Every structure is written in C-alpha cells, then in structure tokens.
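A.B. asks: Residue numbers (our numbering), protein chains in the order written: chain A, 3 to 454; chain B, 3 to 455.
These are computed hints drawn from the structure, not numbers from a lab.
A hint or two may mislead.
The following label-pair restraints were derived from C-beta to C-beta distances [unchecked claim]:
# : chain 1 : residue 1 : chain 2 : residue 2 : range
1 : A       : Y405      : B       : L147      : 22 to 28 Å
2 : A       : D122      : B       : L147      : 29 to 35 Å
3 : B       : D390      : A       : S453      : 19 to 25 Å
4 : B       : G194      : A       : G338      : 34 to 40 Å
5 : B       : E152      : A       : L379      : 51 to 57 Å
6 : B       : P130      : A       : G328      : 30 to 36 Å
7 : B       : D414      : A       : Y405      : 29 to 35 Å
This one's a predicted model, so the numbers in the text were calculated from it and none came from an experiment.
A virtual CB, placed ideally from N, CA and C, is assigned to each residue, including glycine.
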Amino acid sequence: MSGRLGNGDAVEAALDALRRGGIRTGDVYLRDSTAGRVEVKDGAIEAVTTSGERGIGVRIVEDARPGFAYTSDLTTGGIAACVEAARAMARVTEADPDLRIATEAPGTADLAIHEDGLADRPLPSRAEVAFAVERAARAHDERITGFRNTTYSDAEATTIIATTAGARGTYRETSFRASTAAVATQDGERQIGWHTEGGRRFDAISPDAVGRRAAELAVRKLGARPLETQRMAVLLDPWMGQQLLAAIAPLFSAENVLKGRSLFAGKTGQHVASDGVTIVDDPRLPGGMRSAPFDGEGIATRRRVLVDRGVLAGYLHSLKTASKTGTRPTGNARRGSYSGPAQIAPANLHVAVGADEPSDLARRVDRALAVTTLLNLHTIDPISGEFSLGAAGDVLERGERAYPVQGITIAGNLTHLLASIAGMGSDLTFGPSGIGSPTLLISELSIGGTSR
Amino acid sequence: MRTALSRGGEWAELFWERHHVLTLRLDDRRIEDAISGTEQGAGIRVVSGERTTYANGNVSDTDDVLAIAGRAAAWVAGEGATAASPQAARPDQLSRPSAVRIDPRSVPIERKVALLRHVDEVARATDPRITQVTASYAESVQDVLVANSEGLHRTDVRVRLGLQVLCVATEGEVLGSGFEALRGTEGFELFGEDAVDTLARAAARRAALNVAAEPAPAGTFTVVLSSEAGGTLIHESVGHGLEADLNLKGLSVYSGRIGEKVASELITVLDDGTVPSKRGTAAMDDEGQQTRRTVLIERGILRTYLSDRKHAAKLGIERSGNARRESFRHLPICRMTNTMIAPGTSDPAEIVRSVKDGIFVKKMGGGQVDVVSGNFAFEISECYRIRDGTVAEPLRGATLVGQGPKLMSEIDMVGRDLGWSTGTCGKDDQAAPVADAQPTIRIPSVVVGGTVA
C-alpha cells in the first residue's frame, strides 16, 4: 500500500492542504523520533524497548478562531483529513484577534544538542550504562540490597515547523538518560532512593553519579523517625531545589498571569524573592536538556532573566500573550509532541549560582531539616501559592546530620518561601528536565508531625 | 507472530490500537481550545527466557506492523533460544461491562460546546464570589486488538468521557479553588442534566467554601474520611503496594505477606475492572485477559496481588487482569482499575458523632506514595474541624501523611456507605484512568500538615 510520505514531503503536503482549503493562517509541526530503553536487573537485561513516533500537528487560525488537529497517518489522505479536522475545530472556538503565526525563519544555532552515531550504538554498550549504575550503587553501601528498576534510555528526534507565512525551521537532537531506584535494607526496614541524570551526549551521563546518589538517598532514610510539629529552617540540595523550581515554573507563564492564575500577576518590578535570588531561563545553554533553537511556534529562543536579584523582571510568552501585552514573543511556546498545541513553559530554568559553600549554609543555622523526599509537589496552588507537601529528610544540628525523619509535612506559602531564601550554594546543578538549582537555605517553614 | 518469533523466543504478542481524541476547553467564558486527533500504532513483545523485547511505533498498514515485528525480533537475536511456533488465532469476543448507549462521536460538537457553556453558567450562578470557571470536555475512544502466539485474539473498545470543572472564588485578596469531575467508561448518556448541574454546583460551592476557610492546623488528629471524599486513600496507601511487579522484587511493604494480617479486620479491599461505567472499567486488560473482581485484603488478611501474565506466573498466583498500558508505546504493567474499601456496618453520622476533636475530610485531592517505605501524602480539597461530635468550621490547605499498613491497621470504624471518585494514576511514567471508592472511615490518629503550627 502506502503513499506514505517522508518528513519534508509530509510538511509540504500539509501546507498544500491548507492552501487548497483556502486557509491562510496556519502552522504545521512534525516530529519524528526513535527511542531506545534498556531495563536491567542484577547484571542481566530484563527488557529492551525500541519506540518510533512520527506524526504531525496542524494549527489553523480562521476568522481569528483557532483549531488544532493531529494525526499519525502521514499519507496525503491522512494529512488532508487532519487539516479538515482542524478546520472543524476552528468552527467552535471563540475568535481571538491576538492569535499569530511565525512570519520569519527562526535561524539556526549550534546548541550542542545532537550527537551522531546513536543508531549504531550496540545493545551491550547501552546496557553497560545501566549495569554500571547498579554496580556503583552496591559499591557505595553494602546495605543496598536491590533495585526497583535501573534503566538506560536514549532518543533521537527531528523537529520541523513550517507556517503558511513562509517561516520554516528544523533541528535534530539526541538525549540520553540513566536512572535507578535503589533499595536499602536494615533490620527489616526498607527505604528507596531514586535518582536520574540526563545529557545530550552519551558520555555526558555518569552512571557512577546516578548509582551513588540513589544509594545515598536510600541509606540515609534508614531508621527514619517521626518529628514533632514545629517551625524550622529547611535546606534543599540542588536536586530538591530543582523540584521546587519546577513546581513554581507555571507562575512565570504570561497565559497564567493574564488570566489571574499566577501570584506573580501584576508584580513586575516588585520584590518576589529575597535579594540574592536571580532566576534565569536559558534555552541556548550548550548541551542543555531543553535547549532548542526555536519554540513550538517557530520563534527563535533567547536567554532571559526572569527574577533579577529578587525583583520580578518578566514573564514567559507565546506569540499570543506577547501580542496581548504589546511585548516581543520570548520563544517559550513549547511542544512536547505533535499531539498537542504549544503551551507556555520555560526551557532550562534555573536559580543562578550562589557564593556559599553548601556545607557552610548548613552550619549557618542551629537546626535545619535537609529534605531528601518531597511528595505531592503537583498539588501546589499557583494562585494562592499555598502548599502542603509530604516530606522526609535529615535533621541537621549545627550542620551535622543528627537523625533521619519521615512521615512529616512541609507547609507554607510560595510568596513567603521565596522571600525566605537565606542562602544559595556555589553548586548549581541541572537535572534531566533542564531545571537547575544550587543548594538553597530557607530560613523557616512550618513542619507538621507528631503531637501538638 | 511468525516474524516476531523468527529469531527465537517462546512467546510473542501484538498490541494494536487506534485512538480517537477530542478535547474542548472553556476558559473565562470562551471556548479557547478545540483539539481533535487520531493515532494508530502497534507494539510487539517477544519473551525469550528472562528477557523481554518490545518494539513499537505508529502504523498505517500491515507492512508497518511487520517492520515492527522485525525490530522486536532483532533484539532477541543472539540469545540462542529456540523459537516457538505460533498457534493459529482463535478470535473471540468478551462481553463489555460498560454499555455505550450514545456513541459520543455521533453527537454534534455543538452539543459538547453547549455542555461546557451550561457548566459555566450553573457554576457562576451558584455563588456570587465565583470569578473564574474553567471547564473541559474530554472524549477518548480506544479500539484495541491483542493477539499472542498462544492463539489469543481479542478486541475491545474503550469509550471514556470526562467533564471537569475548576472554579475560583475571590473575596478581597483571598482566592479559593474548587474542582470536580464527572468521568466514566460509558457513552454521552453520562452527561444527564442533573448530573452536570450537580457537578458544576459542587465545584463552585467548594471554591466558595475554601475562600472563607481558616488555614488548617499542623499536628496529629483523629480524622473522619467521608465516603464522599473518594478513594485516593485506598489507592495511595494500599493499592500501589499490592501491585505484583513490586512484590516479585520484594520491594513492597506487602511483599511475601499473603495470608498474613496486614490491616484491621474491619478492612476488605477489592479491585474490580468489571463495575459498569466506572472510569477504570474495560472488558479485558491490555494483555487480553478478561477483567474481574479481585479480593485483595479480606477482613484484614492479605489474599493476593494485582497481576499481569508474567508476575502471576512468577508469584504463583491467579492472573487478575490488571496488566494495563497507557498506549502502544508502553509495555503493560501491573496496576489498579476500580479499587475500593468494602462498606462496613457503622452509621456514617455516628462515626462523626464519636469524635470529640478532630478533622472531617469531605473531599480528597491528588496523592503520592513511596511504595517501598509505605509513606504516602495526599491533598485534602475540602475539610472541616469536628468539635464535640459536630462538623464545625471549614479548613484549607491541609495534607494527610502516613504509612499505609500502619494506617490500615489503625482504622477503627467503617461506615455502611460507599462513595466513588475518579482519577488518572501515574506509575513508571504511564498514565491510566482509574476509579476509587470507600465508605466513611475513622482514623484515630494521623498527621495533618497545615500551616498553623
């Protein structure tokens, strides 16, 4: 059968279908990716997965009304049906005069996000990464008795975007990842420690670091006990800081700001964090996990300071929100796949590096809770800023680890939390989702635990 | 199957799906998004000794499927295993537990838009403090075929619909939110007028209540969970720990404990993928195994785990039909469908009256569990103080944390009622539609995380 089209031809076929349908404003996004994953257990391969994903998403604007459709059927007929479906969607949506498409080519940039030769890498070389993670975890501590799962995965993708206004861009990228969940056992008690790292090159991931940190997290939780309800300083290491920053990222979305769904609405030029805190989004970070030359609307990306020494400097924009606010688009309309329209999101969002030795930060307060697990981060309310999270960690006394605790909550308000960042470490670290943070010292938070 | 087993392997399986999706979203009185999509794909699995290989991709025709089978076989090569010969397909059809009276694809899109506008109007009319309403309609029709080298050849169609609404109430500088969803595995008849009005009012009422609520305290309290609160508790605190994959690895707090007492004798826990119309319901799981009702914990005694083909065989337990996958892109994993604590004998009102000072939870939000330690946390989206056996002032911003088996052994009252809720469960980066249910229960002592220390 077939009539199946190559990537470039599929995009052309979609632009053709738009033209033939008399649709003057629209864009076509194609993604073609292959991914591999090896799961190992105790030195043996348990599962090997190879995935292919290929499809297009078509967005149209007709009489100022948006419509979106996607398909994995890249035949001329399948693409025409997709364009027709997008048009049917545009019949029921509301007109919005600020909808735009890209009109100029976004250009290219060498961001060091692609490595050649992935397809030729043999299975044993891939599996060895996961084996090395297991070995590193076991070598770190003899109380490591097993793993929930240890995996190596990689992916290579081609992205093309083209608009009816003639803008067109394409880029290729690769990504590599290793992760494990190590289990520590002692006197019948079991604790788990999970860690993952990612990179754009095969050699950028360190199996040793992944195994060691997972093991360390699991072992540290052994013997954890309850903690009394109290207020206390909190220390977040870079990985915990990343989780917190990921949770507050939606506050910077201009879409959320315009709709009153961000506590940062109307706060530009005002203090939203303590003086030393600078937050940057850098989609051009060489080798960054979310680095890309342009966004899901075909707009060139650029580095931006969002919080400058505590003061809110700007928001993340799409073409639409930029038009609504009379500003330049920032290249933050991101797309994860062809099956969804662009959503405003940061690229490599990070808290700028601080000046303090992480160990000095811990010693700065008499007692602190060094958090190792945060549960329920997805429940933080972006409007009120209220949060109440499940947590586990270590109680530190004058910087020294006194004892581990679990079954506690950390609650408060983001406004208060950001204003209470009392120190930042010199250890800025980026995680596998492109988010980066140094160690953060929070002067005081409410801890929920035993007794009243 | 022949191609998949061409280079060795004892067992092979094809999972094929065609997935139709329609999403409409109303925000700030406007239909902002309308998304339509179709995707077709297949995944082929070959088991050879202890190793599983899985290849998947989008497909448009038989050639594509064969190419995927070839890719799956390529990874088997070199293992030296002898190949099994596939048996002839024996197509059969399972009866579907959910009737679909009105196929949503036959309903004009204008009616779906009207549904969202109606939700918006009803929510705004419920309370003058409602300042924002976001409502979305989600339609998903998944056609599935599962065939394996043992001759199994089955199809299923899962029609799943959802209508969800988020309201924001404003009073001065304070904002409060309320969420409610109506979701099920059934046709457009799910959206009867009464059900839709009830949904919109519930979300609006909750937002208005939260805007006026006092911040919750932090500390240890006696907690009564209303049956209306939904089953997040059972899902997070027990359900995940009963999944067979974790238990085979000896990683769950319930590992190796079949036949042992793991909960109060008031507690019976079931998973039932056959309950008509519920969100986790299907005729078969994603390995083609018929779904069923499984008693996991019976009066406090652990009976079995939630299993798929591989883990049932390895653990020597009966297959429970709980192999589920998000799509053709994923290997199936052991997970819940519709999970519940069975009703007990106490009068729900009596349970509240029995508490001198405590917290009454009327609605739970999302949750998360660390299955190895059993520690869980879940959000509370509506709760009240109980004073002298009476439900008193509303509280906001609370989270419950605890350890699953400990909590389950401490529950000391179980009501004779049963309330359902729906959710989307995440495990190993795969999402699955689920439903949970529980009666009203009393927990004598549990940590509540609020902001007032």
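A.B. asks: For each hint, tell me whether it holds in the structure or not.
C.D. replies: Status of the hints after comparison with the structure:
1. Y405(A) x L147(B): 22 to 28 Å: For L147(B) against Y405(A), whose Cβ atoms are near 55 Å apart, the range 22 to 28 Å is violated.
2. D122(A) x L147(B): 29 to 35 Å: Distance hint for D122(A), L147(B) holds at roughly 34 Å.
3. D390(B) x S453(A): 19 to 25 Å: Holds - the Cβ-Cβ distance for D390(B) and S453(A), about 22 Å, lies within 19 to 25 Å.
4. G194(B) x G338(A): 34 to 40 Å: Holds - the Cβ-Cβ distance for G194(B) and G338(A), about 35 Å, lies within 34 to 40 Å.
5. E152(B) x L379(A): 51 to 57 Å: violated, 43 Å
6. P130(B) x G328(A): 30 to 36 Å: holds, 33 Å
7. D414(B) x Y405(A): 29 to 35 Å: For Y405(A) against D414(B), whose Cβ atoms are near 31 Å apart, the range 29 to 35 Å holds.
The structure fails hints 1, 5 (numbered hints given earlier, in ascending order).
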